[in-house]
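Colleague: Order-wise, the sequence lines are chains R and X. The first sequence begins at 1 in the numbering used here and counts up by one. The second sequence begins at 118 in the numbering used here and counts up by one.
Since the hints were made in silico from the structure, they are not lab data. Check each hint, because a few of them may be wrong.
[As the list claims (entries may be wrong)] In silico negatives: residues of chain X with every beta carbon more than 12 Å from chain R:
{"id": "1", "residue": "134"}
{"id": "2", "residue": "211"}
{"id": "3", "residue": "229"}
[Said to hold, decoys possible] Distance ranges between label pairs, derived from CB positions:
{"id": "4", "chain 1": "X", "residue 1": "197", "chain 2": "R", "residue 2": "82", "range": "39 to 47 Å"}
{"id": "5", "chain 1": "X", "residue 1": "185", "chain 2": "R", "residue 2": "52", "range": "38 to 46 Å"}
{"id": "6", "chain 1": "R", "residue 1": "44", "chain 2": "X", "residue 2": "178", "range": "22 to 30 Å"}
Fair warning: this is a prediction, and the values are worked out from it, not measured in the lab. Note that beta-carbon positions come from the ideal geometry of N, C-alpha and C, so glycine has one too.
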Amino acid sequence: NAGVTQTPKFRVLKTGQSMTLLCAQDMNHEYMYWYRQDPGMGLRLIHYSVGEGTTAKGEVPDGYNVSRLKKQNFLLGLESAAPSQTSVYFCASSPRVAGVRVYNEQFFGPGTRLTVL
Amino acid sequence: GEDVEQSLFLSVREGDSSVINCTYTDSSSTYLYWYKQEPGAGLQLLTYIFSNMDMKQDQRLTVLLNKKDKHLSLRIADTQTGDSAIYFCADGGSGSSNTGKLIFGQGTTLQVKP
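All chains, full assembly: derive it from the sequences and hints.
Modeller: Written out as structure tokens, the structure is:
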């Protein structure tokens, strides 16, 4: 099993350009997440999905869009990149959880390092 | 909203013990996690503790949980240079949202000097 994979690994964009980051998981997980990691800020949740065809906003959704057309894929789009979106982006997935007092380990991809000039 | 706080940096000598601390605000949290991020890589689960436990030991790792003070710590015994990484504390919340969301701290960079 490859686990969670992310494409591309690195990318440099100019301000105003658009791009899509692809996340794929082969663990049949229901839930998927996109985070950004910035120094001293930890991981901040951008968007997440609890199933195919559903998405929801996280903590820092502005400037990003997502789609979950297939269960195994979660796409993160930047329509008009800004220098403030320079960051390392991580995708994660986890199995469905239900009810209270549940164990919800997330499995992470290797990250995409994005620079916006 | 709920929050998780960690100090940003810890430096120790090889062979010493390392203690990384974390505080959280959600009193209904059920599982709390420690993730490790090695340079240039994604996060991997290191260990976790359930809220009805005070302590959990796993080889060189000891997790202590003080629910009253909402304080979590990770102790690494006999710290090695290979332990140099960023360590994230994460709060799983109560689970009632059925989203699997975790709230992460800022991450503590552990530097191990030979």
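Colleague: Hints first: check each against the structure and report whether it holds.
Modeller: How the hints compare with the structure:
Distance to chain R confirms residue 134 of chain X as a non-interface residue, since its nearest Cβ pair spans about 24 Å, more than 12 Å. Non-interface call for residue 211 of chain X relative to chain R: violated, since the shortest CB-CB distance, roughly 5 Å, does not exceed 12 Å. Once the 12 Å rule is applied to beta carbons, residue 229 of chain X is consistent with being away from chain R; the minimum gap is 20 Å. Checked against the hint of 39 to 47 Å, the C-beta distance between residue 197 of chain X and residue 82 of chain R comes to roughly 41 Å, which is consistent with it.
At about 42 Å, the beta-carbon gap between residue 185 of chain X and residue 52 of chain R stays in the expected band of 38 to 46 Å. For residue 44 of chain R and residue 178 of chain X, the hinted distance range of 22 to 30 Å is satisfied, since their beta carbons lie about 26 Å from each other.
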